[in-house]
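Chemist: Keeping their order, the protein sequence lines are chains G and R. Residue numbers for the first sequence follow the working numbering, beginning at 1 and rising by one. Residue numbers for the second sequence follow the working numbering, beginning at 1001 and rising by one.
The set of hints was computed from the structure by calculation and includes no laboratory data. Model, not experiment: these values are computed from the prediction. Accuracy of the hints is not assured; some may be wrong.
[As the list claims (entries may be wrong)] Covered by chain R, per the in silico footprint, the following chain G stretches (three or more residues, Cβ under 8 Å): (1) 40 to 54; (2) 188 to 194; (3) 227 to 236.
[Stated by the list, open to error] Simulated pairs of lysine-lysine, DSS-like, Cα-Cα distance not exceeding 25 Å: (4) G:Lys532 / R:Lys1083; (5) R:Lys1149 / G:Lys69; (6) G:Lys511 / G:Lys491; (7) G:Lys491 / G:Lys469; (8) R:Lys1149 / G:Lys532; (9) R:Lys1149 / G:Lys68; (10) G:Lys469 / R:Lys1109; (11) G:Lys137 / G:Lys155; (12) R:Lys1149 / R:Lys1083; (13) G:Lys100 / G:Lys356; (14) R:Lys1159 / G:Lys68.
[Stated by the list, open to error] Facing chain G, a subset of chain R residues (Cβ under 10 Å, in silico): (15) Ala1070; (16) Cys1090; (17) Gly1130; (18) Lys1149.
We put the CB at the ideal spot given by N, CA and C, even for glycine.
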Amino acid sequence: MSGGLIINVGEGTCGIAAGAPEVTELLKKRFPDATFTSVGCIGMCHQEVMVEITNQDGKSYLWGNVSKKNLPKIVRFHRGEADLPEQLLIKSTDNPDTEKSQYLIKQTRIALRNVGELNPTSMAQFQERGGYLAIEKILKGEKPMTPEDVIAEVKIANIRGRGGAGFPAAIKWGFARGAPGDVKYLVCNGDEGDPGAFMDRSLLEGDPHSVLEGMLIAAYAIGASKGYAYIRAEYPLAVEYFGKALEDARSAGYLGKNILGSDFSFDIKIKEGAGAFVCGEETALLSSIEGERGMPRIRPPFPAIKGVFGHPTIINNVETLSNIPWIINNGGSAYAEIGTDQSNGTKVFALAGTIKRGGLVEVPMGMTIRHVLEDIGGGSPTGRPLKAVQLGGPSGGCIPESMFDTLIDYDEIDATGAIMGSGGMVVMDSKSCMVDLARYFLEFTQLESCGKCTFCRIGTTRMKELLTKICEGEGTMEDIETLEELAPNIKQASLCGLGQTAPNPVQTTLKYFRDEYIAHVKDHRCPGGVCKGLITHTIIQKDCTGCSICERYCPVDAIEGTLKKPDTWVIDQQICINCGMCVEVCNPDAILAA
Amino acid sequence: MSNASLEATVDPAEVQGWINNLGTEPSAAVPLLQAVQRAFGYLPRKAMDLIVANTEINASQLFGVATFYAQFRLDPVGRNLIKVCHGTACHVQGADRLNTSLRHILGMKDEEEDTASNGSYTVEDVACIGCCSLAPVMLIGEQAFPNLKGADAQRHLVKHAKTVGEILPGQQDKDDEKGGKS
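For reference, chain G alone in the conformation it holds in the complex:
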């Protein structure tokens, strides 16, 4: 009965974390004859674990939030023993347009075209979906393309670097093409260090061959013979799958000497990053490849002229590279048609935080932020209104709800004080504290500052100290002024992007949420109820059931009372550290944090 079933299970890092291996194991027991494929993450992280089952009649069903518990319903349905369990269905052949599938329908998937659709370790599946056609077209098509032709096509597409800085890729390639030197390098920057971003992870894990093909094309265009894929060590699955892709491509003749019989030779080595945010910066990344501390260098000379081991080097981001094969296959003008005048094509965002439907989202440039958050992301999951969205991680800034109609466009976003960044989009509702968020980011940049430039090293430390002071309720209005004075100085006196952008989170929160800073300083109050020094936890005895669970979980034994006697339960304010554990475990919501 189950012989003809085709079952795809999403087994990216997030799928695995959500329990995909357990589900697969059970499905294999129930349908021993079915054909199983482990696919990358389609990006609907909020629906993990996801399983797509195609029946013998060719009809397919995409199920979401599958667990050990609800799996029997799906199994019975596919055996024809029960009705369709509506609440688990994302979409099916008969019903593609459901509320849940809007998340996918409203996207424009170019960079993510294959992610979640194929087994990332299968080169055959990649080729079935048009993989390696772009490099074939360039090297041995009817009209083979010269490196200059390739650069010209990418120039028409006007794709800007997706790593955050937004520099036009074709111009960068042109520099390296023209640079003197026999040996040139192409580096794929997969050191996605922004906390809150996972676009590159999903691409490397879900569609490694597209990134590889993009690297081939870029290398051909600039005349590189050697390549590095610099991938974060925190992404073990990405390293594994990309390594597999390299092997397969090499044995198929797409990588190595005389690719496809042409005189173009190129090979790639993987370099695992070792956990340093600053290595996302081009020149720091070069130092890291060379085996040194990842410290940025003075530019010029730019890497395009003098990069890895002194040779001309181009460093492109994972997302940029995965767009390139599409541009060659469909033409630069098809890509340029999408988006706005200054920002063409699409952008992938990692949508997370307090949002109903989080995950990977690829949208055309020129869409509003509100559209992404509300129509695709489904808005607030908590019922509380959304307050702000943080773009660009520690280098970026916060955009308040009142400006959600800002267009997704490099220049429009820059004008708000935030940046497009690499694509991290963390959403916050009214129960979050913007001062705490600024403190969080400065703690991060202070820790990650390599220490080379004084203003970055000491400046971020001072900013962090001042923000901590404000969060603890000890701040003064003068501290706010000092923060405002420090910000431009750090930006001006830092060599690399880390220091030049580190004050952004502080500046944007001061610009849009100044009242929260003032509430901390003047009223000793944290409006979001987050800052531990400014809140107290108390038991609302009329709602308490006296179950004692809070006592069990309190890490400092600050809670006391008699079992089943609600009116005896109290929190000792002298001992309480305001960690909030009790609030999380209290079933009747009888603990107030304010």
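Since the structure of chain G is provided, determine the placement of chain R on it from the hints.
Modeler: Relative to chain G, chain R alone:
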């Protein structure tokens, strides 16, 4: 507190094997340290000395690299490693509480301490493991646990400790105390 018992025994032949595979030039510094850390969970002094003695990498470069990157640690780890993600999404959704509750049950009271006194578990903060939609997240060994509250983290740890036969110092304290009260 001493974790002398957790110190690794370094076999020079093994280190030489990595050097043979990864090369002796300065650019091999990061991969070599990664190989050492993969094997021992940290960078034992003896392994680093062997690298310096048998490659072109000098001690200042090697130590410089080892202390620059977050991945590397110079102290031994506990028998099990817990990584608590502190990416933005995890932070705004209460990752701090995972640390509080884990440290509590592991009996880690000193802020500087990251390994339980009996060497059972080490709790490490990591920048972002890229599962932001499942925040907050922690890893025990290779296994990820999504959408956690502080209490969930504790529950998973208790379960894990039972399977691998570890004793949780903080849990023991609490049980003793309860025993004493009644």
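Chemist: Checking against the hints above, which ones are violated?
Modeler: Per hint list: zero violations.
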